[in-house]
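**Q** Spelled out, the chains give:
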Amino acid sequence: MSLEAAFADEPAFVPYIAAGDPSYEASLEYVEALARGGADAIELGLPFSEPIAEGTTIQEAIVRALEGGMTPQRYLEFVSEVDADVPLVCMTYYNLIYQYGESDGPRSFVEAAAEAGIEGFVVPDLPAEEAGPLRNACDEFGLDLVFIVAPTTEGERLETMKAQVSGYVYVQARLGTTGARDDVSDHTERSLARIADWDVPKAVGFGIKTGEHAERIVRAGADGIIVGSALVDIVAEGHENGDSTATVADRLEEKARELKQGALAGAAVEQ
Amino acid sequence: MSLEAAFADEPAFVPYIAAGDPSYEASLEYVEALARGGADAIELGLPFSEPIAEGTTIQEAIVRALEGGMTPQRYLEFVSEVDADVPLVCMTYYNLIYQYGESDGPRSFVEAAAEAGIEGFVVPDLPAEEAGPLRNACDEFGLDLVFIVAPTTEGERLETMKAQVSGYVYVQARLGTTGARDDVSDHTERSLARIADWDVPKAVGFGIKTGEHAERIVRAGADGIIVGSALVDIVAEGHENGDSTATVADRLEEKARELKQGALAGAAVEQ
Amino acid sequence: MSTDSKFGDYGGQYVPEALMPAIEELTDAYERYVLNNEDGFMDEFRDRMRDFGGRPMPLQRADQLSARYDTEVYLKREDLLHGGAHKLNNALGQVLLAKYMGKERIIAETGAGQHGTATAMAAAHLDIPCEIYMGETDIARQRPNVFRMRTNGAEVNPVTTGRGTLKEAISETMRDWSRTVENTHYVIGSIVGPHPFPSMVRDFHSVISEEARQQIQEKTGDLPDSVLACAGGGSNTMGMFHHFIDDESVDLYAVEAGGSSLSVDEETGVAPNSASLSTGNEGVLHGARTKILQDSDGQIMESHSVSAGLDYAGVGPELAYLVDEGRVEPVNVDDDSALEAFHRLSQDEGIIPALETAHAFGYLERVAGPATEGRAAESRDEHHDRLGDSVVINVSGRGDKDLETVIEETGNRDLDNAPDMSIFREIGGGML
Amino acid sequence: MSTDSKFGDYGGQYVPEALMPAIEELTDAYERYVLNNEDGFMDEFRDRMRDFGGRPMPLQRADQLSARYDTEVYLKREDLLHGGAHKLNNALGQVLLAKYMGKERIIAETGAGQHGTATAMAAAHLDIPCEIYMGETDIARQRPNVFRMRTNGAEVNPVTTGRGTLKEAISETMRDWSRTVENTHYVIGSIVGPHPFPSMVRDFHSVISEEARQQIQEKTGDLPDSVLACAGGGSNTMGMFHHFIDDESVDLYAVEAGGSSLSVDEETGVAPNSASLSTGNEGVLHGARTKILQDSDGQIMESHSVSAGLDYAGVGPELAYLVDEGRVEPVNVDDDSALEAFHRLSQDEGIIPALETAHAFGYLERVAGPATEGRAAESRDEHHDRLGDSVVINVSGRGDKDLETVIEETGNRDLDNAPDMSIFREIGGGML
Ligand SMILES: Cc1ncc(COP(=O)(O)O)c(C=O)c1O
Ligand SMILES: Cc1ncc(COP(=O)(O)O)c(C=O)c1O
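For the record, the sequence lines run as chains A, B, C and D. Numbering-wise (our numbering), the first sequence opens with residue 52 and increments by one. Numbering-wise (our numbering), the second sequence opens with residue 52 and increments by one. Numbering-wise (our numbering), the third sequence opens with residue 393 and increments by one. Numbering-wise (our numbering), the fourth sequence opens with residue 393 and increments by one.
Just chain A, same shape as in the assembly (with noise of 0.2 Å):
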């Protein structure tokens, strides 16, 4: 299935998680779990040393990752072995993709994750500026280059990510890194207004937490949802109270049932 696809009947909930968090093994099972929840894409993080976007939380999960072994090697398995029908978008810096292979430049890594089987790309530290190789490998090999709008993004800058951006738009909420917030932030609908003539499904992340928070988010006009960190909670509070795999899975699967009901409780409304 395409990314646009997954937005195409119903608003789309697609939760973050690390690959590799805390472990090989059990972040397998975890993605499986959220797409039993009712994800319609998953934004899979190849975790890299220096992750600076992402907040406390994420950035744990991602020593966690690191730690337990993840290399983009191993990532590249992880994503061949994982049996859910989601697409899977790799969500990592730019240096790993860069220094993947024998030459350098982006190509090489593009090529292997689509054969593994991703979709598309979210690059937190490529600006639109910079990304003309990454596109060009992308469009070689037929996958999605998704951009992050964030409510500072104005003028030419926005241009500039238009015309390269597809699968969807990725709109922060607000400004900050990633993290679990309890406000949903009223820049949602000026940041969607800014970018309503774009051709692509807009979805809205960062603060997201709750089942009402998602319904909301899809009332200002969202596309999709995308919740990482209260869900990246849910994975490092099970590690540190020594929780089983499966527990950790459930409980990830009804985090993510909440969520999506959410989501479509908030387009129900809306009709």
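Please note: incorrect hints may appear among the correct ones.
Cut-off 27 Å, straight-line C-alpha distance, at most; resulting in silico cross-link-like pairs (DSS-like, lysine-lysine) [unchecked claim]:
#1 B:K253 <-> B:K213
#2 A:K213 <-> A:K253
#3 C:K491 <-> D:K611
#4 D:K491 <-> C:K611
#5 B:K213 <-> D:K398
#6 C:K398 <-> A:K213
Some but not every residue of chain C turned toward chain A, in silico, with C-beta under 7 Å [what the hints assert, rightly or not]:
#7 Y406
#8 P408
#9 E409
#10 A410
#11 L518
#12 T553
#13 S563
#14 G675
#15 G690
#16 Q691
Derived from the structure by calculation, the hints contain no laboratory data. Just so you know, even glycine gets a beta-carbon here, dropped at the ideal spot from N, CA and C.
Fit chains B, C and D with the ligands to the known structure of chain A by using the hints.
**A** Only chains B, C and D with the ligands this time, still in chain A's reference frame:
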């Protein structure tokens, strides 16, 4: 007995000891022991808190005396209590002489010292150029003012001293501060030659430790010998070992005898 | 983004989207105030660097080293700058710029604490609140600098993620900035990070070579044959090189930390050195494409050096470019030689250098020093070819901050010229 | 001995006879080289102070303090001199003079270690062996400075007599000198001791006021209304005052250490202060007649101050004279106010001062600061009468050396403006 008279008949032996080291009573006995041992005059230290001209040995004696409660007032009492028929020379630093009594200046102290029985002064940090007021006070009360001639004293400075000195002249046998040494400096002869025409007795000090040293110094032309550290060492050792005052006094008397005999021997050969 | 943001392929602006507006605003301010002296910004900067910082710094002939190496050795004395290192040139420049931009809050990262200290001083001087992010491991081992920052009124925010060192502090500061871009300026500590930082930080430090180039000509009537500076991120380095770049007769040496070894341990992801110019390769770190220490996957390695200020896995993109162009020669000096050079400069010239700085002097010894057991002396001709007849070397900072490290590290090694420190064993007390 | 050796009745040469020739030789050298620039001595001195020391030091307007005190406050930045205090002016001058005199060895005393450090640096720079006498108590509590001296190649001789502090170190150095006068020069650390030291040390430091007098006129077009400096022995003080002495419109304030109290304890012979100008009386100490802290017998008292460099029972004879003449006003500031001023200058101006220096700023706060519980604010007029419209204050040194003391002493007190230091309790580490 006047100071000059102490040198009249034979080479004089002039010991130094700090009043109050390690206690008032003990040092009173030590002074008397030295007299019994043959001292012709005694330089009696009035302890000052910053004895910049002393070596470690005498500096530590001064610290002991200060800790034992010695003050200028107690010193004068001490002097009047000494039961020995030898002239006493007050060796101290100028600040104590200067501060004594109601009004600044040396007169009050000189008057009180004369009354207590002091015959003269040695003030190592008072150069002849600054000695006017003290010289005047000494004249007024009939006391002597001894100066120290160093191996390096020359020219005009020698003349200034010559004009003011009385009692005896303290010939410093070598550079450095006080302290017993194993060798006898060959500066002695040259130093004595430079002041050959002075009409006061020449007492040589700094580093004399044994009867044999004393003998050689006298043979080199000295009218007397001054011995400090070698005696203070005996006091210090006795103090550290907890020896009785009487024991220490006996040792001092014996050492005094050795030194006096050495001086006499030097004179005997010379004749 | 203008093409000026690049040095060849190096540089650029690899940052989260949320930071881009701040980066653009900063680029604009940089062009207006720094490049075009709008509102007299550069005049005020120079006045304050003179009165508060103590500029100009002297260029001093090193009498003993000149004799030892049979070449004229001149020292550019950045160690005399307020705070004790070149760092203030940049910190004061950026804090002042933040005020011109109407920002109300300063944040910065620090590793060894030198940049944090300089930033805290500049912020106090210009009366603007300041928070410094510092890894908790670094806080524990750099307490004097933590105290200096606190004393200057800065908040010190301990960073507890990861190993609690510089890398984590940078990430944490970027995180703060992306939440607070609207009222906050991030004072980055070297010629690293996204454009315009590498160019702007270099410009603030370029006064070093501006002065030195004039001073050496006044003193010798000529340009030097070579110029040396240590390189961590490379800010003192580019400051010292900038105005000599066009002087083709002048050789430029960037001296990196060779650490304990130049080889890397892929297994543990540790490089026991910080020699990214000599041994690193192209990649993207902390907002810029540059030479970095990374494993074959592209994960950033932990670097190591006895000198905390050189202990960084990246380097400024401009230096990476100049090395590729052949204009700057990257060399390196290991921990032992740096410590030896620390003691040599202290004893022979009466200047206790920062351990960072000592690396530059270690290189001088290596190419021009007398023979040792491990190394034959260069012949006179060879070394004169290498260094020439006159050498300018940047004393980027003073070593007061390194006393404890040096006592400890000297004790662990067998250095020919280490002073006898038994007095510290004989007599008790607070240090060590 | 020329009458120049006296300041009124103060000064002179109260030294053991064995030292007189050295003193005379030195007097002769002082007159030839320093006063008459024979063989270009003063030219070389000034060149080296520029290149090695970093002179001139800036005169900086203190923006925040000027606002706080409603008067123009200018800082003379001796803290930027190599070594971190004014001390090098004198140390380099004397070590250079020793070389001109053909001496082969340098000795000096030190208390807090600042003078010893400066002397060790100067001796290394001029390649002459150096030994520093330091009390063993001081060695234990000033380890960073001991390390700096050792690092510069100086021998540090622990003095074990008495309490093992500055007084004993001076006596021990004089003892060494009287044994070794022929080849050794004794670099005394302040404007104390026998003539020619007080005049000579003042002359080496007078560059401070020479520069400041010109700088303030360049900046304001006028002379300042008052000049402030802390006073221990008084070398930074006379350096700061010298060229203003003839300017009758300029008020001169010497700020002494008030310690914990101005009253003295005759019983124990302890003065819990170091305010010899304010509370001492005439006497003879360490070779000169001057104002000293002594008991009624004339025994020298132990002085006390939170700042080791002011902790001395005497003061330079020239200052004693100028106070008697009414030209210099002696004032004092206690330990608490000095610590408060330390934190204020650090926070408000980004300059961490030496604790000695902080005393001078404490006085500024007292006469011109806002009201506190214990003290009513001066009315504007009164304080303008007192300080005038422009004040120059000497920042005699930087406070890096005092970090441990300040952490400890701040912890013992209840200061309004002390930064929260809980970060030091939360996180372990070497300091404290
Ligand atoms: C004295 C000194 N020199 C050099 C450096 C290295 O930084 P850069 O390479 O940016 O000059 C540091 C960093 O802390 C430093 O403190
Ligand atoms: C920074 C500083 N200021 C002042 C003093 C006091 O000395 P003086 O009164 O001789 O200037 C010292 C002495 O160590 C010092 O280090």
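**Q** Hints first: check each against the structure and report whether it holds.
**A** We went through each hint and held it up to the structure:
no.	hint	result
1	B:K253 <-> B:K213	holds (12 Å)
2	A:K213 <-> A:K253	holds (12 Å)
3	C:K491 <-> D:K611	holds (24 Å)
4	D:K491 <-> C:K611	holds (24 Å)
5	B:K213 <-> D:K398	holds (24 Å)
6	C:K398 <-> A:K213	holds (24 Å)
7	Y406	holds (5 Å)
8	P408	holds (4 Å)
9	E409	holds (4 Å)
10	A410	holds (4 Å)
11	L518	violated (25 Å)
12	T553	holds (6 Å)
13	S563	holds (5 Å)
14	G675	holds (5 Å)
15	G690	holds (3 Å)
16	Q691	holds (5 Å)
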